[in-house]
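*Asks:* For reference, the chains in residue letters:
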Amino acid sequence: MDELYREYILDHYKNPRNFGELEPHDVECFDRNPLCGDEMGVHIKLDGDRIADLRFHGQGCAISQAAASIISDELMGKTVSEVASLDRSFIAEELGLELSPTRLKCGLLGLKVVQGALLGTDEWPTGTPEDDPAAEDVAKLRNEI
Amino acid sequence: METVTATAGSLPRGLAEIRADFPVLARRINGKPLVYVDNAATSQKPASVIEAISSYYRESNANIHRSMHALAAEATELYEGARSRVAAFVGASPEEIVFVRNATEAINLVRFTWAREHVDAGDTVLVTRMEHHSNVVPWQLLCAEQGARLAYVELDAEGRLDLDGLDALLATGDVKLIALTQVSNVLGTINPVAEIAARAHAAGAKVLVDGAQAVPQLPVDLGQTGADFYAFTGHKMLGPTGIGVLWGRRELLEEMPPFLGGGSMIRMVADDHSTWAALPAKFEAGTPAIAEAAGLGAAVDYLSGLGMDSVRAHERDLTAYALERLGAIDRLTIYGPEDASERGSLVSFTVAGVHPHDIAEICNREAVAIRAGHHCAQPLMRQLGVPATARASFSVYNGRDDVDRLTAALEAAITIFGT
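Note that the protein sequences, when read in sequence, are chains H and C.
Using my numbering, count along the first sequence one by one with no gaps and you end on 145.
Using my numbering, count along the second sequence one by one with no gaps and you end on 419.
Fair warning: there could be bad hints in the mix.
Covered stretches of chain H, as calculated for chain C (at least 3 residues, CB under 8 angstroms) [to be verified]:
| no. | segment |
| --- | --- |
| 1 | 2–15 |
| 2 | 44–56 |
Residues of chain H placed beyond 12 angstroms of chain C at every Cβ, according to the derived structure [said to hold, decoys possible]:
| no. | residue |
| --- | --- |
| 3 | E39 |
| 4 | T79 |
| 5 | S89 |
| 6 | L119 |
| 7 | D122 |
The set of hints was computed from the structure by calculation and includes no laboratory data.
From a predicted model like this one, the values you see are computed outputs, not experimental measurements.
In this text, a Cβ means the ideal position worked out from N, Cα and C, and glycines have one as well.
Work out the full structure: start from the sequences and follow the hints.
*Replies:* Here is the structure:
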């Protein structure tokens, strides 16, 4: 009945996987979604260029917290370059729904801090998979986000 | 068609009739009639305001204070007529009413003129823990620029200003300005601005009051507030965006340097210097927001037609009802004073286990428009220990039926999230 707040998402919100601190860790990142005050940090332990382990920590709306929990298992074992190629469609796939523009940043915050920790970026994940998007498409998409 | 069962109580006209004045309230969202309770962010506009703007462009559009033709005279009359009505509405004289873009610009005007000349290194500017960012950030910037100190008046457990703490801060003798809101946009607290102004003046400090939330809902007589400067904005008081007001005591406005330089604000321009126009033109460089002024004049007429005492009584009763209904919901925490007579027409709250953003999303499905977030009051959010709150804020067209719809939406949110 409720696509956004279905049991799968509420369960991850109430019982988030891979949440907490990870000590020691190799890289970390913390960020906020200024729109609603969602906060999300991540600690990552690396094995070579692969994610050996990670923990999210933060507080925020159901979508931001559940999305981080849902992607956390999926991220284990991924290489830095694999993480770099993840985008909006990855989140949509993992959540099983396309987020509306007002909730997109909530859903992307977890991926953003993981990319921030591994790549040193401060950009929101893009929505265009594989091929190189045109600069204006990226700008448009970021605006939309 | 839904039957309107709400009564306006204190208002001189029925609620159904008042609602019919606001075209947007006829909208349906997700198939349901809109309940708009986000008035602290911006209010809706009655048809008379929309018509004032539209008819200015259709019939009278011209630049003001310049050309000799009939349209220019009409436009000037509309603009200055609006100023006079706004002045009368808040008990001021028109020369002391400076039209600006919004309350933020009004506060920044004082920052760049009076404050730059009177706040020096080692001086203190006071703000309160409940200020909107618009009454914090300009003073942070000023203090950094001048080498002055910014200090906060803190709150008690119910969200009232700590007046003993204020006295202690004033006792240092180096406070030049206190900048405070009359009504908190998060807690709803109505501050005793006249009392605070008396204490500030006794300590040699000037007082700037942010009236953005107060003017739409309280009878405001600027002479009684004790303020030296008072800022408010059109769009929260049934008027258009793009126009706000800075009021200042005449002697202060007279001695202040101009803010922006350009057309309209000069008396004479020599090659290397200029002299300034009389008040209030000295602070209104460039072609102003003429249509918006006409709209603001119509908004003031609308509120005056209801009577601000009636507006306040209506909204106080509605807030008391909201405090009662929302207060009865398990897991819901309300912020701010418990007594509706001490607060403006809004209720901020959190629900344990449901983030405010999710509350707002679920309310929207029920066509109930509320705000969720930090409400541009991050220093206060830190004090409350919450990242965000949800907030319902009322205006003249809201009734108990709206509070009932809100309550039902909140109960739906709690059901969705379970225990």
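*Asks:* Output the numbers, in ascending order, of every earlier hint that fails for this structure.
*Replies:* Structure breaks hints 2, 3.
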